[in-house]
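**Student:** If you want the building blocks of each chain, they are given just below.
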Amino acid sequence: MAVAETNNIISPAQGRPSALKRALSDGRLVTVLVFLPPALLLFTLFVTLPLIEAAGYAGYKWSGYGDPTEWVGMRNFEILQKHSAFHQSLMNTVWVIVASCLLQIPLAMSMALLIYRKTWSNTVFRLIFFAPYILAEVATGLIWSFIFDGDYGVAAMASQALGGEPFFPLSDRTWAFPVVLFVVVWKFFGFHMMIFIAALQGIPEDLTEAARIDGAKPGQITWFVKLPLLKPAIAVSVFFAVIGSLQLFDLIVPLTNGGPSNSTHTIVSYLYTFGLTRLKVGFGSAVGIVLFLITVAFAVVYRNTAMKET
Amino acid sequence: MAEVRLNNLTKSYGGVEVIPPLDLTIPDKSFSVLVGPSGCGKSTLLRMVAGLEEVTSGQITIGGEDVTDADPAKRGIAMVFQSYALYPHMSVADNIGFALKLAKTPKDEIRTRVKEAAAILQLEDYLDRKPKALSGGQRQRVAIGRAIVRQPKVFLFDEPLSNLDAALRAQMRVELAELHEKLGATMIYVTHDQVEAMTMADQIVVLKKGEVQQVGAPLDLYNTPENTFVAEFIGMPKMNLLNGATAARFGGDKVGVRPEHLEISSDNPIVSGEVVHAEYLGADTIAHVQSAEAGRVVVRLDGSHPLQRGSEITLSPRPGCLRIFDANGQSLGAA
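So the protein sequences, as listed, match chains G and U. Counting from 1, position 111 in the first sequence corresponds to residue 111 in this note's numbering; the numbering is continuous, with no gaps. Counting from 1, position 187 in the second sequence corresponds to residue 1187 in this note's numbering; the numbering is continuous, with no gaps.
A couple of the hints might just be wrong.
[What the hints assert, rightly or not] The calculated SDA-like cross-link candidates involving lysine to any residue, where the alpha carbons are at most 25 Å apart (straight line), are:
no., chain 1, residue 1, chain 2, residue 2
1, G, Lys231, G, Val296
2, U, Lys1132, G, Val296
3, U, Lys1104, G, Val98
4, U, Lys1115, G, Phe224
No lab work stands behind these hints: they were computed from the structure.
Please put together the full structure from these sequences, using the hints given.
**Tutor:** Structure follows, in C-alpha cells:
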C-alpha cells in the first residue's frame, strides 16, 4: 500500500524542472555568474578587506611605518573612551544630526514647497539653492572661513560697522560650532530640497484639486495631503542627513580644523587629527571601528523601522 | 434650486481659445452629460464650473448665484475625478469624511454621515481599509461617497468610469443613474463615450472644439441630429452618411441613415453592394456593405439573418428615417 501511494506521488523533479534547470533556462544563472564576481571582488578588495585590516590594526600601537608589532589589545579603545575630545566629537556629531534633521530638512521642505512647480523663476531659484551643494566641501569651508574672519571678512565689516572689537567667531568656543552648523545647513539643504521637489512633483495634481474642492486651504493641503505623501522622501532624506553627518569632515578642516581647543571636531575630523596626523594609525583604526559600528547600527535600525514602513 | 448657467463663457490658454463664447443651461436636478471627442473642451468646461480652471471671460451661476470667481469649496459642488483622486494614506472613512473634518463638523456627525454615504454605496465593510486594498469599482464608490457626504448642490463627474472594465462600467452606469434618482441633485457628467451619454443622461450636450453642437434629450439627438457631427457622434454603429447622386435624389448634399433604419428590400433602394464583413452579435447582425455609388455602408439586421460574405444585397430605408443635410452639414429635415 505504501509503495502504491509512493508511486502516485509526482516528485518535483518529475512534475516541473528543478530550480537549477529553471535558472539555467531563463538565463538567471548566467547573469549571476557574469555580474556577481566582479562586484564581489571589488567589494571584498575595497570594503571588506580594509575593514578587517582596520579592525586588526585597532589592536596595535602602530605609527603606520613598518609592520605593526606592538599588540596592545583593547588599549586604543580604552584611551578613546576616556578622551574628552572624543566625547566632544561624539556630541558635536549628534548636534550636526540634530541640526540636519530639525533645521536643514524643514528648511529644505519649505523651500521645496515654495518652488516645486515648473516655472522658469522656480528653475532659477532651484539652481541658486542647489549651487552650495555643487561646491567642493573644502572650497566651501575656505569661503566661509574668509567670511567669518575677524580681520578681513564680513565679520570684520560687521564689527567695524557696529564700532565694536574685532570678532572672530571661528576662534570663539561659544560661536565656532554654531557657525559650523550654519555652514552645514547652508551647504546641504539644497540636496534635500531636490529630493523633496522630485517627490512633490510626483504627487498627482488631482489629489490637491480634490482637497481644494473638499475645502482645504493651502496650509491644510500641505499638512493633510502633501506631507503624508512625502513620508518616503522624508525617510530617505533623514537617512542621507544622518549618514552624511556621521561622515562630516571636509568642511571642518578648512573652517576650524577642530578648534578652538578641539571644540568643533566631528568623529571623522577627530580620527584624522588624533589618528593620522599624529601617526597613531592603530588608534585611528579604533576610532574608525567605532564610527563603522555606529553607522551600521543606525543604517540597520533605520532601514528596518522608518524606511520599512515607506 | 441648483440650475447651472454658463453665460458667454470663454477659456483661452495664452492666445489659443479653447472655449469660444458659450452659453449653456443645466436644468435643476437634471443629469446632463457633456460629450464629445478628445480635446473638445468638455473637461475644461467642467473644471471651470468646479473652479479648478480660471474663466477667461463670461459668467457661471449655480442656483442663481454668481460663482465665477468663487473658491471651489464655496460653490456647493462636489467632483468625482477620472483617477478617483483618493488620498492613499487615509482610510475609506477618512477619505469620505475629509471635507467634513475640514469644515470642523463634530466627530459624531462625521461618523453618522460617513456611515450613511457608505450605506448608500455598499461600502460599510470597507471603511477601515486604505484605497490600495480596494478594487477599481470600490474606489470609484469611495470617490462618489466623498462627493455625497458633502451634500452638494451640483455633482460633477469627470469621466469617472473610464478606468473600469466594460462589465463594471455597465454596472456603475446603472448605479449612478439610480443614485441620481435617489439624491435628486443636479449632475454634470463628462464622457467621450456616447453609450454612457445615451444611457444615463436627461440632457446631452454635444461639444466640438469648444462649441455646443446640440443640446437635448438622448433620443432627440439620436433621431433628429442638427448636423452631421452629432449624427455621426451619437449612435453605435454611427449613422451612414451618403452623398453624391444618392443625396441629390433627396435634395441635400448628404443624406444620413442609421444602420437599423436600413432593411434588405428593393422597394425604395438607396444602396446596392457586396457584403464585405458581417458581425454576428446574437441579437443583431452588423453587416458592412461596399457600394460603388455610396462607399461603405453599415446595416444592422436581425440576429438570425444569414449573410454570406460576397453576396450582393440591396438596401432600402424605412419611411421617414432619412436625415437630409446641406453642404455645411446642417440638417434640412427628414425624408
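**Student:** Please go over all the hints and tell whether each is borne out by the structure.
**Tutor:** Verification of the supplied hints:
1. Lys231/G x Val296/G: Cα-Cα ~23 Å, so holds.
2. Lys1132/U x Val296/G: 33 Å, violated
3. Lys1104/U x Val98/G: With a Cα-Cα distance of about 35 Å, the restraint between Lys1104/U and Val98/G is violated, given a limit of 25 Å.
4. Lys1115/U x Phe224/G: Roughly 22 Å between the alpha carbons, so the hint for Lys1115/U and Phe224/G holds.
Violation of the numbered hints given earlier is confined to hints 2 and 3; the remaining hints are satisfied by the structure.
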